Amino acid sequence: MRAKWLCLVALTAAAAAGCGEGRAIFDIDVFSFLSATDADTLPYVGPLPPGVPDTIPVQTIQSLGIGSSSLVDTVRITGSVDFVNATGTGNVTFQVFFDTAKSAVYTGTPAFSVAGAVTPGATTSSPFDIPDLPTALKPLFLASTVYVGIRASATGTIQGTAKLTALRARIVIQDKFF
Amino acid sequence: MRTFVVGLGVVVLLGGAAAPAAAQWLVTDARRIGMGGLSLGRSGSLERYNPAYRAVDARADRRGQPKVTIPIPLGIIQFLHDHPHLSSDPAFDPKSRSFNPILVVNTILNLPLYLEIKKAPTPTNDVAFTIGQDSLMVNLGAAAKLVPEDQFGISGSSRPLSPGFGFKGLRVGVMGWVHNDAEFQLEDNLLGFLRDSVPAQHRTFYGSFVHGTVEAGFAPTVSYAGRIAGDSTGGFYVGGALHYYVGVGYGRTDGLAGFITGDTIFAGSNPVTPDGRTLTQYSKPGNTLGHGIGGDIGIAWVSGPIEIGVGVNDIGATITWPDTRLDSAFYRDSTYSVPVANHVETKTKLPVSYIANLAYTVGNTTLGADVLNTGRGSVVHVGGEQRVGLFVVRGGVARDQRKRIEFGFGGGLRFGGLGLDVGFWTHTNSLSNERGITMATSLSIY
Numbered sequence: 001m002r003a004k005w006l007c008l009v010a011l012t013a014a015a016a017a018g019c020g021e022g023r024a025i026f027d028i029d030v031f032s033f034l035s036a037t038d039a040d041t042l043p044y045v046g047p048l049p050p051g052v053p054d055t056i057p058v059q060t061i062q063s064l065g066i067g068s069s070s071l072v073d074t075v076r077i078t079g080s081v082d083f084v085n086a087t088g089t090g091n092v093t094f095q096v097f098f099d100t101a102k103s104a105v106y107t108g109t110p111a112f113s114v115a116g117a118v119t120p121g122a123t124t125s126s127p128f129d130i131p132d133l134p135t136a137l138k139p140l141f142l143a144s145t146v147y148v149g150i151r152a153s154a155t156g157t158i159q160g161t162a163k164l165t166a167l168r169a170r171i172v173i174q175d176k177f178f
Numbered sequence: 001m002r003t004f005v006v007g008l009g010v011v012v013l014l015g016g017a018a019a020p021a022a023a024q025w026l027v028t029d030a031r032r033i034g035m036g037g038l039s040l041g042r043s044g045s046l047e048r049y050n051p052a053y054r055a056v057d058a059r060a061d062r063r064g065q066p067k068v069t070i071p072i073p074l075g076i077i078q079f080l081h082d083h084p085h086l087s088s089d090p091a092f093d094p095k096s097r098s099f100n101p102i103l104v105v106n107t108i109l110n111l112p113l114y115l116e117i118k119k120a121p122t123p124t125n126d127v128a129f130t131i132g133q134d135s136l137m138v139n140l141g142a143a144a145k146l147v148p149e150d151q152f153g154i155s156g157s158s159r160p161l162s163p164g165f166g167f168k169g170l171r172v173g174v175m176g177w178v179h180n181d182a183e184f185q186l187e188d189n190l191l192g193f194l195r196d197s198v199p200a201q202h203r204t205f206y207g208s209f210v211h212g213t214v215e216a217g218f219a220p221t222v223s224y225a226g227r228i229a230g231d232s233t234g235g236f237y238v239g240g241a242l243h244y245y246v247g248v249g250y251g252r253t254d255g256l257a258g259f260i261t262g263d264t265i266f267a268g269s270n271p272v273t274p275d276g277r278t279l280t281q282y283s284k285p286g287n288t289l290g291h292g293i294g295g296d297i298g299i300a301w302v303s304g305p306i307e308i309g310v311g312v313n314d315i316g317a318t319i320t321w322p323d324t325r326l327d328s329a330f331y332r333d334s335t336y337s338v339p340v341a342n343h344v345e346t347k348t349k350l351p352v353s354y355i356a357n358l359a360y361t362v363g364n365t366t367l368g369a370d371v372l373n374t375g376r377g378s379v380v381h382v383g384g385e386q387r388v389g390l391f392v393v394r395g396g397v398a399r400d401q402r403k404r405i406e407f408g409f410g411g412g413l414r415f416g417g418l419g420l421d422v423g424f425w426t427h428t429n430s431l432s433n434e435r436g437i438t439m440a441t442s443l444s445i446y
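Residue numbers (this note's numbering), protein chains in the order written: chain H, 1 to 178; chain F, 1 to 446.
Excised from the complex, chain H in its bound form:
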């Protein structure tokens, strides 16, 4: 609700200022939403024991609520994740999910994945830059609320923590949404 009102003012102002032929670019600091609820850190264990989750609870991002008739040109995702490995040698795969239905976040395919090789007692930083998300996912960012989930899966006998240090989404709206 608050996002709608704030964006309403901002978007209205944008129209008043004459962005009719320019693009509207939304730079969303997704990390700030996750870190506010301590959802930016996720332990990983390999092999995963039964009953141990490899995901964070689904988090909510107040998004733009522009409307389904608009067209998202590109959704660029940038950020970085640190794999703070405690023991073992193997690989960790870090996956990020988006959906507009909270219950469906982890049932679909991940928006993107980041993998990193880990060694005992070392921290592996894995920056990522996804130029554009798959077309099917772009309309999600027109909704007023977007849910995000993170999964960290390990191969090998390893244990550690995946710490997200940055996650931004740059959304370019192609059409005149006013």
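Don't read these hints as lab results, they were simulated from the structure. Predicted model, so just to flag it, every value in this text is computed and none were measured.
Keeping only pairs whose Cα atoms sit at most 20 Å apart, straight-line, the calculated SDA-like set for lysine to any residue is: (1) F:Lys-145 <-> H:Ile-25; (2) F:Lys-145 <-> H:Arg-23; (3) F:Lys-349 <-> F:Val-246; (4) H:Lys-138 <-> H:Tyr-106; (5) F:Lys-119 <-> F:Ala-142; (6) F:Lys-118 <-> F:Gln-78; (7) F:Lys-67 <-> F:Leu-418; (8) H:Lys-138 <-> F:Thr-130; (9) H:Lys-138 <-> F:Ser-96; (10) H:Lys-138 <-> F:Ala-128; (11) H:Lys-138 <-> H:Gln-95; (12) F:Lys-347 <-> F:Ser-328; (13) F:Lys-67 <-> F:Gly-416; (14) F:Lys-347 <-> F:Thr-320; (15) F:Lys-118 <-> F:His-83.
Got chain H sorted already, so can you dock chain F onto it with the hints?
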């Protein structure tokens, strides 16, 4: 949601563009456009705002004033060519992806009566929104300078009907009158947020001051206009009118409207809360009529090649409304209105309008200037025309209510009692800081 945003966006667009719109006018005479909007003789605003001009000879032969001017609306042809299926044109359909509010607003502000030969470019820069869990910042880029810093709005005072009868300069009639005024001013927080990209703050009000008034009625009027010195070729003219204003109804609202941020911008327990508070006062038609007395005065002096006039309207026009209701409305998540008082007396005041004009005619050359103020700042026109045989060349310059300079130029061709005129006029009443140029054409019958 989109429709709501679009609707509100268009409203704000219109509001934001109201200042430039009010500074312009809809002139149907290409001659006047060619002279930068200058009023000469009994044309344009002179007779409306200077009661003495009712007695001044039309002097059609001297300044080439036509009896009738018929606009040639080339702009409508252009518009219909560009938008042949207006009812289904996606650019005008808010539900369409191709809906273009800039086009809609520009069409309203620049009614397609005349041909737009140079469209004012709208900013094409990207607009960036930076959003975080506890942050919001908007960067409008070069377009930020279009966010109005000062008060903006639309106001007008008109006299739609004035039936009556007269004898030897004396006239008795009944004049209809309408006054409307809508004003907005962004308060500092919202102005900084939009114009200076100041990040949104916690627990802060963002909004606009709003004011609106509309009132209407009729006024039995006794007026006089006549020449008190000189003859038909020149003289000193005076005019005056006494109005007894009868108010049929009025409404006025003043207040603040906007929203208040919560403890965090995009999270936390307190969402952004719409917030509005107004004091509304009104006297509906059917209540006791309002009343007041006011008047107009004007003088005009014509001597040889020189013509000078000054007129003032609605002097002392204060309307007393004896049966007014006052309501205080407060909105925060829910609306409620509290009656403050009922059957109380309130007063409104019609804006004083004035015009001053000067014209100088020598041979086939006419030069002139006028200043018109209708209560929202002065508009200045300076221009002239040179007649050379069948041809006329015109030029002029104007300063509008926003103190912007606009230019007019044009010409005409006259065959006996028929004339064809063309006038070019720069304007900035588009959503742009650059000028566009309109070409007006009209047919004149002499």
